[in-house]
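K.L.:
If you're matching them up, the sequences are chains A and B in order. Start counting at 1 in the first sequence, then tack on 27, and there's your number in my numbering. Start counting at 1 in the second sequence, then tack on 766, and there's your number in my numbering.
Bear in mind the hints are in silico, worked out from the structure with no lab data behind them. Glycine included, C-beta positions come from ideal geometry on N, C-alpha and C. Any given hint could be a false lead.
Unchecked claim - Across the chosen pairs, the derived CB separations fall in these ranges: (1) Arg795/B / Thr108/A: 41 to 51 Å; (2) Ala998/B / Pro183/A: 30 to 40 Å; (3) Thr108/A / His931/B: 40 to 50 Å.
To be verified - Anything over 10 Å on all C-beta distances counts as not near chain B; from chain A, calculated: (4) Met180; (5) Asn242; (6) Leu260.
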Amino acid sequence: MYAITAVVVAAVIVTADWATLQRVFLDPEIAAESFPGIITIAAKNTLIFTVLGFTGGLVLGLFLALMRLSSITPYRWFAATYVEVFRGIPAVVTLLLVGFVLPIALDVRIPGTYGPGSVGLAIVAAAYMAETIRGGIEAVPRGQVEASRSLGMSGPQTTFWIVIPQAFRIMLPPLTNELVLLLKDTALVALVLGSTAATVDIYKFARNEVADTFNGTPLVVAAFVYLLITLPLTYLARWLERRGNQSR
Amino acid sequence: MTAAGPDPDVPAIRIERLHKSFGTLEVLRGIDFQVDAGEVVCVIGPSGSGKSTLLRCVNLLEVPTAGRVLIEGVDITDPECDADAVRTQIGMVFQHFNLFPHLDVLGNLTIAQRRVLKRPKDEAGTVAAEVLARVGLTDKIKEYPARLSGGQQQRVAIARALAMHPDMMLFDEATSALDPELVGEVLDVMRRLASEGMTMMVVTHEMEFARRVADRIVFMDEGVVVEEGPPARVLDDPREERTRTFLSAVAQH
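Working from the sequences, and respecting the hints, build out all of it.
P.N.:
Now the structure itself:
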């Protein structure tokens, strides 16, 4: 395996047209020109969409997970259907539904410049998070619930104070993974719903620059900015996970 | 539940014709049983005899299939009854401790005081320090359960139950999961509780503890109470063949 990889890498290094590559994808002047805007406007918007989508998805996902675990059959049925549908259709289609089908069919218009995009992302994220949260809740030992109930805590108190804090620790790594996926999905919002100069995200910003300069460098800069955000997130999650393990 | 505390004339726990089935398996087959206020009753018997299930029916961790459970005269099997309120009167200690791993010892001791009894933070903290001193672990108040030995965890679990100021305590094989050298410290705490007059229902395999501490021993087998009486009578002069068989099997090791 390693031998094959080494041969392929060597072949690419030897045959690649480095001068052209650098001119088209790593032009320092164009990169320098992209930089302030991509950080102050585009990255900010990407983060706003991510935070709104993630928060909304987490709340909705928690409700769906609790419904999925409920003893009331219609709740379970609803949550299961929701998860299957919104995990099964592409995020692009969900964004279309929220942005265009909903206003026409039901006359529901989500307000705010970030509104429709964030809601669309939250709907998709909730489907994935519901399963993660359900798994986390089910991983908390039965004895924890019994101990809590035996102290007189009610079912909801037990869920809130005992089960969810422990489940959250179990869920942290997969939830971070979903946060990173969501961050990358924010690129779809501008593609499907359009964007203005004020709401443009990292990917759309780079695409606009590419169109203006006939040069691929802004896309490379965009990739670099995405990494700048996702890598610390991954490390943060690892740190939280370690810290959580100490008190177990 | 009134605030007047336990009435000595009303049995702390009274169980009438109790049945419990899991699917087609009938685990309890008509139990009549009573624990008076201030009494210490040890329940012994082979595994699978239903003694843990009986204990768990007392605070409705298991819902009986038929029959009644009365706590201080209140029928808790009545669907109208507020099980959460009754449970605050009944402390329970589990085989596997079941401390809350995400909370430190102080958090374990105060969470139900604050959320259920609505005690203010400082009052709950005072009660926590008090009960922790009773189990001899004052210096562990800031530790997380994972940093404690099994014996220390079980003592914290006892303190957690005591912090609710219950009228009675249930022990479900509280020393069965402990390394042999840690059993003594937990039994010492239980013995002290008994001598202070706590009403206790103790499911145990510790025959010496039962002999010394119990006011009465109940022997169960196959979902029924086979015989009961004072420790010396049941342990040294059992009337029933099944009791004799069990006791000689226990004495083998």
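K.L.:
For a quick check of understanding: which of the numbered hints are violated here, in increasing order?
P.N.:
Those not satisfied are hints 2, 4.
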